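Trainee: Throw the hints in and build the complete structure from the sequences for me.
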Amino acid sequence: MYYTRTTTKTRREFIKKSAMAAGVLTLLNACGQRIKSWKFPFAPDAINQFQKSFYGHIILPGDAAYETARRARLLNPEMDKHPAVIAQCKNEEDVLLCIDFARQHNLEVAVRSGNHSLLGWGTCENGLVIDLSKIKNVSVDPVKQTAQVTAGSTAEEILAATSPFGLAPVLGECGSVGAGLVLGGGLGYLSGKYGATCDTLLSANVLTADGRTLQANPSNNQDLFWAIRGGGGNFGVATTFEYQLYPENEVLAGRFAYPIEKTRDLLRFFREFMLSAPDELQGDCYYAKQGKGSFAVEFVYSGDLDKGERLINEFRKFLKPDQDWMKRRAYSGIYRMGEDWASDDGATPCPFQSIKGAYIKQLSDEVIDLILTQFEQAPPSCQMFFNLSHYMHGKVCRIASDSTAFELRQAGAADLAYLIKWADPKNSSSCMSWLYNLSELLQPYSGGRIYSNYMSTESGNSAKAVYGTNYTRLLQLKLKYDPQNFFHLNQNIRSKWK
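Counting with this note's numbering, you get residues -12 to 485 for the letters of the sequence shown.
The hints are simulated quantities; they were obtained by calculation from the structure and are not laboratory data.
Mixed in with the good hints there might be a few duds.
To be verified - Calculated cross-link-like contacts (lysine to aspartate or glutamate; reagent style DMTMM-like; alpha-carbon spacing at most 25 Å):
| id | residue 1 | residue 2 |
| --- | --- | --- |
| 1 | LYS180 | ASP197 |
| 2 | LYS382 | GLU229 |
| 3 | LYS276 | ASP252 |
| 4 | LYS68 | ASP87 |
| 5 | LYS39 | ASP50 |
| 6 | LYS249 | GLU363 |
| 7 | LYS382 | ASP311 |
| 8 | LYS249 | ASP327 |
| 9 | LYS451 | ASP411 |
| 10 | LYS314 | GLU143 |
| 11 | LYS307 | ASP293 |
| 12 | LYS382 | GLU363 |
| 13 | LYS180 | ASP271 |
| 14 | LYS276 | ASP197 |
| 15 | LYS413 | GLU79 |
| 16 | LYS249 | ASP311 |
| 17 | LYS26 | GLU65 |
| 18 | LYS382 | ASP266 |
| 19 | LYS382 | GLU143 |
| 20 | LYS77 | GLU65 |
| 21 | LYS123 | GLU54 |
| 22 | LYS307 | ASP271 |
| 23 | LYS451 | ASP389 |
| 24 | LYS294 | GLU237 |
| 25 | LYS307 | ASP352 |
| 26 | LYS382 | GLU296 |
| 27 | LYS131 | GLU237 |
| 28 | LYS77 | GLU112 |
Unchecked claim - Derived DEER-like restraints, expressed as beta-carbon distance ranges:
| id | residue 1 | residue 2 | range |
| --- | --- | --- | --- |
| 29 | CYS161 | LYS131 | 46 to 52 Å |
| 30 | GLU54 | LYS307 | 44 to 50 Å |
| 31 | ARG303 | ALA398 | 43 to 49 Å |
| 32 | ASP311 | ASN448 | 40 to 46 Å |
| 33 | ASP87 | PRO246 | 43 to 49 Å |
Because the structure is a prediction, the values reported are computed rather than measured.
Glycine is no exception: its CB is placed at the ideal position from the N, C-alpha and C atoms.
Mentor: Now the structure itself:
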């Protein structure tokens, strides 16, 4: 039986010049006349016809909702794009209509659901955004312990639907990340115990560039099923996923806070502590350089809780935390546990921000020293943070690297996300330069690799750095399912394309 839960750079000069060249464009819709100053890459009649067949909501430049809808999650000069159309889809028919419209008018396409891309792939310049974020539905089968979810559903929404049955999916560590993180592999609190998100995917619906709707699973389109489990959005728009669920009720989880000057010693101890960690334990580290600064360690233990208490006490013994929020809690509230330690630190509000990601083969002393030295030398106008997450161990590392397209399964590796914020746009150049410099300095410690979902730099070799030994097979499948590279705002597998 199924139970369903439904949840419902600045470019002003460019726009000015485009408006002068194009004149005033009048578009009609059901709400009446709307005036636009925009050089559209299609005739007014085309968008009118498009809207007549579209079930969802079309947002165009000049609409009241446009400025909010067009933005990527991060606000920085690199992501300040102005799409010609933002199509908030209601169903798969809308997605197919978008694909057809984009092909007819030679529009660049960006596909968005959770909008967490570090490179702003959820938006584009003068193209079409296929926005899946409004397609929200979660259907749970508690007997088979599975869930069918649509692409707009977030991790927190999925968990809210599965937890009444004592079940949980393997999804990311941020509740607002969309269900489609599986396309990049997917790592979270339960990956040591059950594997990556892609290891728990049972099937998916994929809409291709030529307008086909394909079901990918172990019996149908097996090569596509292999490819979408880590191969990114290269092959089409994934609209529906079926995930395996696992019994999870109560966990031991929380955070320890320490003085920032203890960061170096604690990172080294964290490394040694995690080397022998059981599959049931996942740990993250957080560093914030604003005001007095802070360092924190977060753990989630999903096994026998008495054993977990003894294990976590070993970390407490190394250095007593200033604040201790570790406790037994329902797994259903895992995405809200940050409310325990949320506080107003008096930091200046910063509307501008940018983030980079790095894959670290090993949390060596050299990496620790490099990060902390660079953070000490950062521009004073920036607020800075880093998060060491997805420490690789357990089942995710015991699964063969060619069993899915997600190949990056080396034990002892981790992912690093480093974020900067600033209040004054005049500081954009210095803050962004510092961020790029740190990214370059960390490259030698990556082994030439990139974790797909943390990809934050693009170059001719980026795809090979993401996919490793699976790249050649993925390239052949790219040529099969998307030979024109229609879907390229992603961890793109390039061949003859630019």
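Trainee: Each hint should be assessed against the structure and marked as holding or not.
Mentor: Now the hints, each set against the structure:
1. LYS180 <-> ASP197: violated (39 Å)
2. LYS382 <-> GLU229: Judged against 25 Å, a Cα distance of about 20 Å means the pair holds.
3. LYS276 <-> ASP252: holds (17 Å)
4. LYS68 <-> ASP87: holds (22 Å)
5. LYS39 <-> ASP50: The given pair, whose Cα atoms are some 18 Å apart, holds under the 25 Å limit.
6. LYS249 <-> GLU363: Distance ~14 Å between LYS249 and GLU363 Cα, so the pair holds.
7. LYS382 <-> ASP311: Distance of about 29 Å is beyond 25 Å: violated.
8. LYS249 <-> ASP327: Roughly 22 Å separates the two Cα atoms, so the pair holds.
9. LYS451 <-> ASP411: violated (37 Å)
10. LYS314 <-> GLU143: holds (20 Å)
11. LYS307 <-> ASP293: holds (20 Å)
12. LYS382 <-> GLU363: Violated: LYS382 and GLU363 sit about 37 Å apart, past 25 Å.
13. LYS180 <-> ASP271: holds (16 Å)
14. LYS276 <-> ASP197: violated (49 Å)
15. LYS413 <-> GLU79: Violated, because 43 Å separates the two Cα atoms, which is more than 25 Å.
16. LYS249 <-> ASP311: Since the Cα atoms of LYS249 and ASP311 sit roughly 16 Å apart, the hinted pair holds (cutoff 25 Å).
17. LYS26 <-> GLU65: holds (21 Å)
18. LYS382 <-> ASP266: holds (7 Å)
19. LYS382 <-> GLU143: holds (23 Å)
20. LYS77 <-> GLU65: The hint is violated at about 29 Å.
21. LYS123 <-> GLU54: Within the cut-off at roughly 23 Å; holds.
22. LYS307 <-> ASP271: holds (17 Å)
23. LYS451 <-> ASP389: holds (14 Å)
24. LYS294 <-> GLU237: Roughly 13 Å between the alpha carbons, so the hint for LYS294 and GLU237 holds.
25. LYS307 <-> ASP352: Given pair LYS307, ASP352 holds - Cα atoms ~22 Å apart, limit 25 Å.
26. LYS382 <-> GLU296: This hinted pair holds, its Cα atoms lying about 22 Å apart.
27. LYS131 <-> GLU237: holds (21 Å)
28. LYS77 <-> GLU112: holds (23 Å)
29. CYS161 <-> LYS131: 46 to 52 Å: violated (27 Å)
30. GLU54 <-> LYS307: 44 to 50 Å: This hint holds: roughly 48 Å between Cβ atoms.
31. ARG303 <-> ALA398: 43 to 49 Å: violated (25 Å)
32. ASP311 <-> ASN448: 40 to 46 Å: holds (45 Å)
33. ASP87 <-> PRO246: 43 to 49 Å: At 58 Å between Cβs, range violated.
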